[in-house]
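The listed protein sequences correspond, in order, to chains A and B.
If you're matching positions, the first sequence starts at 117 in the numbering used here and goes up one per residue.
If you're matching positions, the second sequence starts at 2 in the numbering used here and goes up one per residue.
The hints are simulated quantities; they were obtained by calculation from the structure and are not laboratory data.
It is possible that some hints are incorrect.
[Claimed, not checked] Calculated pairs, PhoX-like style, for lysine-lysine (alpha carbon to alpha carbon, straight line, at most 20 angstroms): (1) B:160 x A:191; (2) A:218 x B:247; (3) A:195 x B:247; (4) B:277 x A:187; (5) B:158 x A:187.
[As the list claims (entries may be wrong)] Stretch-level coverage of chain A by chain B, calculated; a stretch enters the list once three of its residues show a Cβ under 8 angstroms from a Cβ in chain B: (6) 176-182; (7) 237-248.
[Unchecked claim] Pulled from the structure, derived: some chain B residues nowhere near chain A, Cβ distances all over 10 angstroms: (8) 10; (9) 171; (10) 247; (11) 348.
Being a predicted model, the structure only gives us computed values, none of them experimental.
C-beta: ideal position from N, C-alpha, C; glycine also.
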Amino acid sequence: MAIKLEKVVQTFYENLEAGKITGKKCTKCGNVEFPPVYACNKCGCWDMEWVEISGKAKLHSIVLPAALSSKPEYKAMGKFAYGEVELEEGTRLNAVVRGINKKKRNELLEKGLPVNIHAAIWQREAGYKTVVFELDEE
Amino acid sequence: MPEIMNQTHPHPYSRGVSIIGVGCTPFMYTVDNEETNGLTEGELYGYAALKAMEDAGVNPQDVDFYFHGEANPYAQSNYLTPNVQIANWFGMKGKASIHHSEACCTGYYAVELAADLIASGKYDCVLTGCVEFGDAYALEDHPYKREKLPMEAFLAKTKYLYERPYTRSLMAGQELIYDDAAEWYKRTRGLTDQEMDDTLNWMCINNRRNASVNPLAIERRTYEQLAQEKGFDNVMDYMRSPYNPKMGDYLRAGGIELKCDGAAAAILCATDLVDKYMGNKSHKAIEMLGAGSAACEATTPHFEVTATEEAVRQVYAMTGVKPEEIDVFYANDFIITSHLVAAEAAGYLPWGEGWKYICEGRTAYDGDKPINTNGGRTSFGHAHAASGLADLYEAVHQMRGEAGEGQMKKIPKTAMLRGYGGAQNICTYIIRTAE
Chain A
117 MAIKLEKVVQ
127 TFYENLEAGK
137 ITGKKCTKCG
147 NVEFPPVYAC
157 NKCGCWDMEW
167 VEISGKAKLH
177 SIVLPAALSS
187 KPEYKAMGKF
197 AYGEVELEEG
207 TRLNAVVRGI
217 NKKKRNELLE
227 KGLPVNIHAA
237 IWQREAGYKT
247 VVFELDEE
Chain B
2 MPEIMNQTHP
12 HPYSRGVSII
22 GVGCTPFMYT
32 VDNEETNGLT
42 EGELYGYAAL
52 KAMEDAGVNP
62 QDVDFYFHGE
72 ANPYAQSNYL
82 TPNVQIANWF
92 GMKGKASIHH
102 SEACCTGYYA
112 VELAADLIAS
122 GKYDCVLTGC
132 VEFGDAYALE
142 DHPYKREKLP
152 MEAFLAKTKY
162 LYERPYTRSL
172 MAGQELIYDD
182 AAEWYKRTRG
192 LTDQEMDDTL
202 NWMCINNRRN
212 ASVNPLAIER
222 RTYEQLAQEK
232 GFDNVMDYMR
242 SPYNPKMGDY
252 LRAGGIELKC
262 DGAAAAILCA
272 TDLVDKYMGN
282 KSHKAIEMLG
292 AGSAACEATT
302 PHFEVTATEE
312 AVRQVYAMTG
322 VKPEEIDVFY
332 ANDFIITSHL
342 VAAEAAGYLP
352 WGEGWKYICE
362 GRTAYDGDKP
372 INTNGGRTSF
382 GHAHAASGLA
392 DLYEAVHQMR
402 GEAGEGQMKK
412 IPKTAMLRGY
422 GGAQNICTYI
432 IRTAE
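Kindly generate the complete structure, drawing on both the sequences and the hints.
Written out as structure tokens, the structure reads:
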């Protein structure tokens, strides 16, 4: 397949506006790149196709925001944490997970990681949508 | 190591490379002091470069090429091509140079770049230097005046370290720099919150103890002194008090860099030409054995640990050196957790046991496993690009037995330096005193 000069980033954000969370899947090895990029970081193949991710994921680590690691805009998210997220498709990335404060973290750590979460679309103040995650209902 | 992590397998150098001279300014808050207020880029870099040449026994005309590192020349110095603007200051007018920035990792890549250029055979003798005004920015349209850069203004600029299309939008990678390594270490080693807090505090105490005997360090008051001044009998009570507040989920104020101004430089040459360049200098050359490098942008989970493990794997494979041969370890620790996780990743401290070495004071300059004998970023200071070469300056002085009051008990023969920064580059290299 020919290498294409393609607006991947803009398409990703336009898909979010349409309610779809998308990545790119390698046609050779099946690895899913999220967020989407040109080439597969697992096998190096650049024949990638758009794919909608399921949104199912697991949370492997929990770091709470603090004075140095938060922004005024983030208050709108309510209680939240940062952590290592593993998508059902296998991709791992750092992301925001809503619904966690100190008390909730203690409860989750007591039960043990990973914790089931799911992706959600979140409106940023700058006028675009992004992806955050939320705890699954128990 | 995550499921996906590409690897590189660097080859040994095509010819030997040695470090023959080092130079370093004091790390300072230039605008706070009448004696230093008004110093410029050429003056700081030029001082460090000439000190390195003097130390090596070379003349500027002996040097074939130079590298110039500065993390943020546009914002701090109003320069787009800072390397070109300073050559006249140290007698190298007309000679070629390259500017590079890997942010806080710049001063470590500075050594690797110079070594690579000599090993290629193109040049025999190369200057590598870095300068940073981390605490002051140049006033527009004035030849030398600067203004203080408050921490808040500095942190606001650090967002430009992170990838624009996704990482900044996702809101997590740039915030995890402060606490991800501590969370990871505590969870994977099974520490309690108290043990992790104590470990972070002991790293600050040890770093400061090292800096207290280093004349170039920016902060030399020990935490014991600070605790006494505030009426604490026990230093750890002070470290756990509001005088050392939590700024992150785990990180306290004492574990954050002291950003400042400074410059440092080194002269490297082909090992088979050491005698030619060093002439009658009595000190031994330090051989550059090899370097390993990796980079993980901030969306990568546990980016610092992941990239460090890969870089360390490379440098051990390239050099054949074993972890037990490392006598002293340096880690860029602008977030203090770095020196713990890097030392364990390098095998310098045993897996899961490093925190105990730190809490027992064994990693101070007079301990049996010294780390950051100059005080690291939280006490020696952090003149961003220049910090890595300041670490090399310290390592070389330790290896020559010229570290003064802060000299290690046993003169180290082999050192590892691990650079980190720029969201996030890792550059790790090993040096050894020539036989």
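Now the hints, each set against the structure:
In summary, the hint linking residue 160 of chain B to residue 191 of chain A is supported, as the alpha carbons are separated by about 19 angstroms, within the 20 angstroms threshold. With a C-alpha separation of about 15 angstroms, the suggested pairing of residue 218 of chain A with residue 247 of chain B holds against the 20 angstroms cut-off. In summary, the hint linking residue 195 of chain A to residue 247 of chain B is supported, as the alpha carbons are separated by about 19 angstroms, within the 20 angstroms threshold. Taken as a hint, the residue 277 of chain B and residue 187 of chain A pair is broken in the structure, with Cα atoms around 57 angstroms apart against an allowance of 20 angstroms.
Simply put, residue 158 of chain B and residue 187 of chain A have alpha-carbon atoms about 14 angstroms apart, close enough for the 20 angstroms limit, and the pair holds. A stretch counts as covered by a chain when three or more of its residues have a beta carbon under 8 angstroms from one of that chain; for the region 176-182 of chain A and chain B the count is 7, and the coverage holds. Residues of the region 237-248 of chain A with a Cβ under 8 angstroms from some Cβ of chain B number 5, which satisfies the need for three, so the listed coverage holds. Listed as a non-interface residue, residue 10 of chain B keeps its Cβ farther than 10 angstroms from every Cβ of chain A; the least gap is roughly 16 angstroms.
Chain A draws residue 171 of chain B into its interface by the beta-carbon criterion, the shortest separation being 6 angstroms against a cut-off of 10 angstroms. Not every CB of chain A lies more than 10 angstroms from the CB of residue 247 of chain B, the least distance being 7 angstroms, so the non-interface label is violated. For residue 348 of chain B, the condition that its CB be more than 10 angstroms from all CB atoms of chain A holds, with the nearest at approximately 24 angstroms.
The structure fails hints 4, 9, 10 (numbered hints given earlier, in ascending order).
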